[in-house]
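S.K.: Please build the complete structure, drawing on both the sequences and the hints.
Residue numbers (our numbering), protein chains in the order written: chain L, 1 to 338; chain V, 1 to 372; chain P, 1 to 332.
For the record, the hints were derived by calculation from the structure and aren't laboratory data. Just to be clear, a hint being listed does not mean it is correct.
No more than 25 angstroms apart at the CA atoms, straight line, and that leaves these computed lysine-lysine pairs for PhoX-like [to be verified]: (1) P:K3 / P:K311; (2) V:K346 / L:K137; (3) V:K346 / P:K3; (4) P:K63 / P:K245; (5) L:K137 / P:K165; (6) P:K3 / P:K63; (7) P:K318 / P:K10; (8) P:K3 / P:K259; (9) P:K136 / P:K63.
Part of the chain V face toward chain P, derived, beta carbon under 8 angstroms [said to hold, decoys possible]: (10) R20; (11) L100; (12) I125; (13) V128; (14) P133; (15) F163; (16) R214; (17) D220; (18) A221; (19) A228; (20) S231; (21) V237; (22) Q242; (23) Q332.
Cβ coordinates follow ideal geometry from the N, Cα and C atoms, glycine included.
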Amino acid sequence: MATANVTSASAGRLLGNLRLPIGIVLFLGISLPILGIDQFVNALTLGAIYALVALGYTMVYGIIELINFAHGDVFMVGSFVAMFISSSLLGAEGSITNVPMLAASVLLLFALTIAVMALIGALIERLAYRPLRRAPKLAPLITAIGVSFILQNIIQFFFGPTIVTVPQLVPIEWSIQVSGSRVPLLNIFVIGASVALMFALQVFISRTRTGRAMRTTSMDRDASSLMGVDINRTIMITFLIGSGLAGAAGVVHGLYYGNTSFALGFQSGLKAFTAAVLGGIGNTAGAALGGFIIAFIEVGASAFGYGRWGGAVVFSLLVIFLVFRPTGLLGSHSGDRA
Amino acid sequence: MTRIADAVTGPFAPVRAFFRRHRSLGIFVGVALLSIALPLLTRVPPFDGIQSTNAWVNAFTTAAIYAMLAMGLNVVIGFAGLLDLGYAAFFALGGYTYALAASPFSGIHLPFWPMLLAGGIVGAIFGVLLGAPTLRLRGDYLAIVTLGFGEIVPITLMNADKFTDGVNGIGGIDKPSIPGILQFTLINPWPMYGLVLVLFTLVMIMIYRLEDSRLGRTWDAIREDELAAESSGVNTVIAKLQAFAVGASIAGIVGVVNAAKITIVTPDQFRFAVSISALAAVVLGGMGNTIGVATGAFIIYLFQSILLKQLNTLVENFNIPVLNQIDFLEFQYVLYGIVLVLMMLKRPQGIFPARRRMREFAPLKIGKGGLK
Amino acid sequence: MLKARGVTRKFGGLVAVNNVDFEIPRGSISAIIGPNGAGKTTFFNVIAGIYAPTAGTIELDGKKLISPPTGAGREPILLVLPTIPFIALAIYFLMAVGGDTGLVEGVASVAVALLGFVSALLLNIVRPAWYNRFIKRIGVTRPARPNDMVAAGLARTFQNIRLYKSLTTLENILVGMHVHLRGTLLGALFKTRQVREEEAAAEQRARELLSFVDLAGMENELASNLPYGKQRLLEIARAIASRPKLLLLDEPAAGMNPKETEEMTALIRRIRDDLGITILLIEHDMRVVMGISDHITVLDHGEKIAEGLPKEIRNNPKVIEAYLGRGAAAGH
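M.R.: As structure tokens, this is what we get:
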């Protein structure tokens, strides 16, 4: 009896460990024929963007338990910074066909935008959140809403309420053939770049000293402070990285869609947050997973003609998850800890 | 009754002591005096130069509507400590309830007065609908869910064009009337002014009574220490749900009045900015202080709709080259954000702190010094 | 009065309380002692309904109130099943948006569906008795929540005092009386005579309670302004305001000087003798425990290692080892 229990328990654990990869393979396997290759690639690309933004939410939440409402708008500002850099600094008006030239420009674009956004993110943390570290919970939340609103309206003030064109540096005509369908190289590049960034983040968190400090701080701030972790520095770095990733997402968004608007951050922010919750808030791998799931749902909805209800579906998903499984798909931070 | 009986001093001590005991009467007299004084004030320079008295009265009516909205939100945020970021959705639902019940679009023409109640009930139902699954969650999750709800309602109103006429909204909404005595019109702002002020008075009296009741104490307890409140026998979910329902039903009622006042509802009127402006009023006035919040709303409204507008005409008149290009009205949104951030950083208890919130936010200063 | 059978509580792999049987007779003063980390407070929290037990049951006054939750997997069904008509109608609504259903029918269908959904949710939150019976029949049991325990006649204080700091002492007591007040939302809005009379009576009783714990004259003092010792007294007064049959005190004498400790001991006796409330306490101060308790239970590593009269416990070798063994180890 006891042995049987042990065996079934370990079998269960094995199944539990394999559940995620099996689930992902199943999910992709089912959605590919349903969506068709074009929409499939489209969903993957959108998913990469959501995942990058969701990472920022989940990291900040993991470390200071604050829903950084302004994060979606940091992403939006990132897309405008990218627009400004590529059109004004690089002087690009459309795509660049010279390959070395293109590679240099894109690299520069990523580097500059990530740097600028990381600074802006850290600045927001320093000015708006740090003074409220010990304040009642409501205070930083309200501040975050305020920051979000300020960012949105500053951008609206300077760039207007309409959609702004962003130069698509990578030519959209370049593509490869996959089983009869044309897959643009741009998509492959976008997905590749995002996945590379996420991978780098995972390595950073698990292998470096700072990454370890971040993990211990998220588990118990006071204890890790006693262990000699510089809390302020760690939180600052979290914001640097999270905002940098949002900046990268901004670049990617511009390259892929060729436009942006001041309202981008609000909607995408909500979706990216849903992605973070879906994956288990505080869990970086979960955030990436959640981002892809949300994108597939959204693309699926519009593929079947319910595009304008996509937002409603995503939001319902958020509520359902918060109510029935607040720890998300991959767990981590307990959802209803007081 | 159970409040701290602060010693009443000063020149008007007997008067103030009287109104402390009879607060409902005090609110009634106060609002009545104010409602007479404000229009009189607009006949005096410099106010008479800005706009006609009728336009002023119209502006005051809108300000009072906005103030009611802020007071309702204050029940949720200030009393129960729940951050509701989708408050405009309930306002929208109230407005559309009346629009569907009394407009050429639906072809139904129900009388205005019972619809006030209906708006409140619709608001409360949706408040419970949103709150019931989410109020067991931690507070910051609630904030994001309400934010999403506030986004979904206008989207739905916009997309369900069969029922709401989409982006065009529903126009030609019936004006209220007292059959045989008084027909409200768009030209004459006074009847609406009177109606809104009566409602304002009622809402304020009701909120003060709630604050002093068993339920109000329960909200205080939950806000301060949820676990202790549960261990005092409070069913916290139900109490929070009640706060949510009260706030939402006030927004619903105000939505009906607002729809009747401007005779058109469109999804665009209920964007996120409306929720944020109400939040800004609550934060500015002082969370938990009903009169403070109403005043905060009044200040913000007058600032944005009079001062910024004036700035536009002023700059235009003087034809200052650079400033000429700027529409100062657009600043109102940045203003909300700045109010939220600055107040939280510099004066979290608001301009007119509620006695309780003042103490709650007090440890902030010690915290800054690194003391735990 | 209170019966605990086989109470176990695990946190992940850690067994905080292991198979504890426990009983306290009506009108007694009982104590739970044990070294730090013995699982005393966890046990308290299980009794008070804060943690659901992993195994075991708790009975108060012959009523089984707490047992491990069962059928949790079926709980979503309770919400989802009544929701299915709602979803069906919502889909109908979505279709109708593009279709040719009449406006009134569309709006009405959504309204009816929402009402159904709201009532399902409300039932799940309010949980009237018949609803609880119904869900029991389909195999779902839920342990009582802290507020249910208060309604059943249990009150508690906390180890680290948890007062409503920005409320006055009087208001703190009034919140404690919550379960015995009937004032409803509508009653408060219209300030009915019933509500006014009830509030006046409650205030009167709250004042009496304050003088019972020697806090008379401090009605309008903010709880946060009271000195530490008085905060403890206020927390006890708030707990007995719910007219409990059983009062749980978590280290009532912690951080007190000898004189205050003596007063606290006297107060605990008076609560039992004058108010007839059975008392269960956790305490580290052995003088308090030995002086006041009729019955002592000793926990160590989450297990009950001894119980009996104070003098039996004092000489129990297991107890001495639990304390001294731990102490000796700590000395190294």
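S.K.: With reference to the structure, classify each hint as holding or not holding.
M.R.: Hints versus structure:
no.	hint	result
1	P:K3 / P:K311	23 angstroms, holds
2	V:K346 / L:K137	16 angstroms, holds
3	V:K346 / P:K3	53 angstroms, violated
4	P:K63 / P:K245	13 angstroms, holds
5	L:K137 / P:K165	16 angstroms, holds
6	P:K3 / P:K63	10 angstroms, holds
7	P:K318 / P:K10	24 angstroms, holds
8	P:K3 / P:K259	34 angstroms, violated
9	P:K136 / P:K63	15 angstroms, holds
10	R20	14 angstroms, violated
11	L100	6 angstroms, holds
12	I125	6 angstroms, holds
13	V128	5 angstroms, holds
14	P133	6 angstroms, holds
15	F163	6 angstroms, holds
16	R214	4 angstroms, holds
17	D220	6 angstroms, holds
18	A221	5 angstroms, holds
19	A228	4 angstroms, holds
20	S231	5 angstroms, holds
21	V237	5 angstroms, holds
22	Q242	6 angstroms, holds
23	Q332	33 angstroms, violated
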